[in-house]
Every structure is written in C-alpha cells, then in structure tokens.
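Protein sequence lines correspond, in order, to chains A and B. Our numbering puts the first sequence at residues 1 to 158. Our numbering puts the second sequence at residues 1 to 158.
Watch out, some of these pointers could steer you wrong.
One copy or any two copies: either way a pair holds, since identical chains are not told apart in the list.
Unchecked claim - Here are the simulated DSS-like cross-link-like pairs (lysine-lysine), alpha carbons at most 27 angstroms apart as the crow flies: (1) K60 / K143; (2) K11 / K114; (3) K84 / K60; (4) K84 / K67; (5) K144 / K133; (6) K113 / K11.
Treat the hints as calculated values from the structure; they're not laboratory data.
2 protein chains.
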Amino acid sequence: MASHSFSYGTKADQALGLWVKLARVHALMLRLSARDINRYGLTQPQFAVIESLGHLGPMKMKVLGAKMLVTGGNMTVVVDNLEKAGLVERARCLEDRRATWIRLTEKGDGLFKKIFPQHAECVAGALSVLTAKEAGELSRLLKKFGMGLQEKFPDQLR
Amino acid sequence: MASHSFSYGTKADQALGLWVKLARVHALMLRLSARDINRYGLTQPQFAVIESLGHLGPMKMKVLGAKMLVTGGNMTVVVDNLEKAGLVERARCLEDRRATWIRLTEKGDGLFKKIFPQHAECVAGALSVLTAKEAGELSRLLKKFGMGLQEKFPDQLR
DNA sequence: TAGAGATAGTTTAAGTTTCAATTATACTGG
DNA sequence: CCAGTATAATTGAAACTTAAACTATCTCTA
Chain A
1 MASHSFSYGT
11 KADQALGLWV
21 KLARVHALML
31 RLSARDINRY
41 GLTQPQFAVI
51 ESLGHLGPMK
61 MKVLGAKMLV
71 TGGNMTVVVD
81 NLEKAGLVER
91 ARCLEDRRAT
101 WIRLTEKGDG
111 LFKKIFPQHA
121 ECVAGALSVL
131 TAKEAGELSR
141 LLKKFGMGLQ
151 EKFPDQLR
Chain B
1 MASHSFSYGT
11 KADQALGLWV
21 KLARVHALML
31 RLSARDINRY
41 GLTQPQFAVI
51 ESLGHLGPMK
61 MKVLGAKMLV
71 TGGNMTVVVD
81 NLEKAGLVER
91 ARCLEDRRAT
101 WIRLTEKGDG
111 LFKKIFPQHA
121 ECVAGALSVL
131 TAKEAGELSR
141 LLKKFGMGLQ
151 EKFPDQLR
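Please take these sequences and the hints and turn them into a complete structure.
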C-alpha cells in the first residue's frame, strides 16, 4: 500500500500487511452481511444473538457474551432491544439468582427459522469468490490463527 | 460449532463456518491491537487515521474514509476528536471549496513516529502463532477474497 | 448560461462498543 | 459461621458506526 516512507523490518511489515488485509475482508463481509440482515429489521449483533439462541437453545447472558467476544455491559443493551421487539425473553435462573436465562420467544424462533437459511445463502454467495479448495485452506489457517491467539494471549484477551 | 439442530447444505454451512472463524480472528486481533493503542491514549480508528496520514501524507476526508472502509458521516467525528487533541488539523481545499484537507500537526507526526514501530511489533508478535509460510498463504487468500468481493459486489459495497 | 444533478462534508438519531463503577448474590478459608 | 473475595448482570459515560437529511459547492448539458 504505502510504497514509500517507512519500513520496520520485513517481519513487522508483513504482519501489518496481513492485519490490514484481514481487517479489510472483515469489513467487506460485515457490510454485505449487515445489509442482508437489515432487510429483516435486525442489526448484526441482534442477529448474532438470535442465531446463537436458535442453534444452541437458551443460555445465560455471560455465555452469550463469550460466544460473541463481546464485553458484558454490552449484551444487556442488545438483549434489551430484542426484548422490546418481543423476540427474546429473560427468565430468572433459580440455581444462581445473579444469573439470567435468555431464550427466544415464539416470535423470535419463527423469525430465526425464516431468515437464517436466506442469510446462509447470502454468505455462501459472497464466499463463492474463492474455490472450494481455497475456502478450505483459508478456514484451516483462520482456525489455527484463532486458536493460537487464544493460547498465546489468554490474559490480554480478557 | 452447532453440533445439532440445523443444516442448510454443505456449501452454506461451510461458508458460515468460515465467516464465523474470520469474525472471531478479527475480533481477537482487534482486541490485542486496541489494547496496545489505548496505552497511547488513542482509539483504534484514531490510530488508523494517524497511521494513514503518517504514511501517505495529507489527504481529503473522502479519501481517508475510503481507506478505512467507513461511511462519510463518521470521519467527521473521528477527525473532530483528533483535532481537539491537537494531533491533526483541517485546511480548506482551494481548488474545490467543498473539500477539506486533513494533515498531521507537528505533535501528531511526533506521536506517529513514536508509537508506530512499537505497534508494528505488537502485531508481528500476534502473528507469530503462524509459520512464515502459513502467514504468506493466508495473506494471499485474504487478498484474493477481498479483491473478489470488491469485484463481485461493487454496488452493495457502497 | 442557467438549471439539474452529482459530490464533499456535516449533522442527527439510533444502535453498538468498551471500560469502570455499582448491586446483588455466591463462594471460601479461617 | 462469616468476613473477604469473586462473579452475574446492570448502569453510565465516551467513542464509534451507519443511514438519512441537509448545506454548500461543483459540473455538465441543453
């Protein structure tokens, strides 16, 4: 990108270059995905909550947050908005009264079943710019990358 | 991930799986990167602006926004905050009076020169969970992915 | 050359994100 | 048993993001 000015050693340069590419692809995919989701009146994080609950069943706020790599204070707002829309509901946890169960309402479950397959198609369409082999390889590398990060920086990643 | 409940065809499933992995790695990297940047009193997007200006020199709001894949309305706020901090400044563009040049102040340039190399090291450290060969392959795939998306969905990507 | 349409940047409103502080509850070692 | 500590969720403040509306300016064409 920057064809001039600075260089901080091959390794650091490569690393930054890769990070930029990763961020760029992520931003592009996020935009495509969000546009699709918006058509159903949901935001990206709202959809992520519905998707998690739809696939894995009711779970506590904390688990939901961990699944989304999002800090706690945040889930409250997202769930608040979904609750206002009548798509999820909170229920007291009896064994641990600090905790709260979140689950889809009937309406939420209906929405999930309706829009999820369409959204999956949308993502698949985007991914079709890669061959199956490339997608497989990319998937493998991303998995190793993610696991490696979790392992190497357990503290800095909360 | 979801070991049960739903399946929407191998292709869509794989696509979603890859998208989840990509989002996860991005979130992890973003967190590491942001923690590092915060030590210098900057947010991630503020740093991105300083980095662009530091590497490529003064540019207009629009170009800055495009470089960051961010909608226009947004740059205004980020630049506002950087201007308040005395790190960048606006200057009227004489040829086109709708446009504005953004450039680093002396203070902003000093900060850039000081923190950029350290941040590059931080990113390189994170990336070291992959071998050089893997990093090269990942970089290639991400590049192809990103270019492919831009080519296939020019409209949906603004 | 005047008017129509495009463009650069700002503003506004709603949502998301993080961090830090707070509340309520649970756990645990002396 | 109970004081100290840890945990689950919420709240509040500051920043970011988007989309849409708006202002000012430019450009192109009839």
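Homomeric proximity label, K11 with K114: Cα distance no greater than 27 angstroms: Between. Shortest inter-copy distance 19 angstroms satisfies the 27 angstroms Cα cut-off; intra-copy 47 angstroms does not.
Within, between, both or neither: K113, K11 at alpha-carbon 27 angstroms: between (46 angstroms within a copy, 18 angstroms between copies)
27 angstroms Cα threshold - placement of K67 relative to K84: within (22 angstroms within a copy, 37 angstroms between copies)
Homo-oligomer pair classification [K133, K144; C-alpha up to 27 angstroms]: both (17 angstroms within a copy, 13 angstroms between copies)
Alpha-carbon proximity context of K84 and K60, limit 27 angstroms: Cα proximity of K84 and K60: one copy only (18 angstroms, versus 41 angstroms across).
Same-copy or cross-copy closeness of K60 to K143 [CA-CA at most 27 angstroms]: within (26 angstroms within a copy, 38 angstroms between copies)
Consistency with the previously given hints is maintained throughout, with no hint failing.
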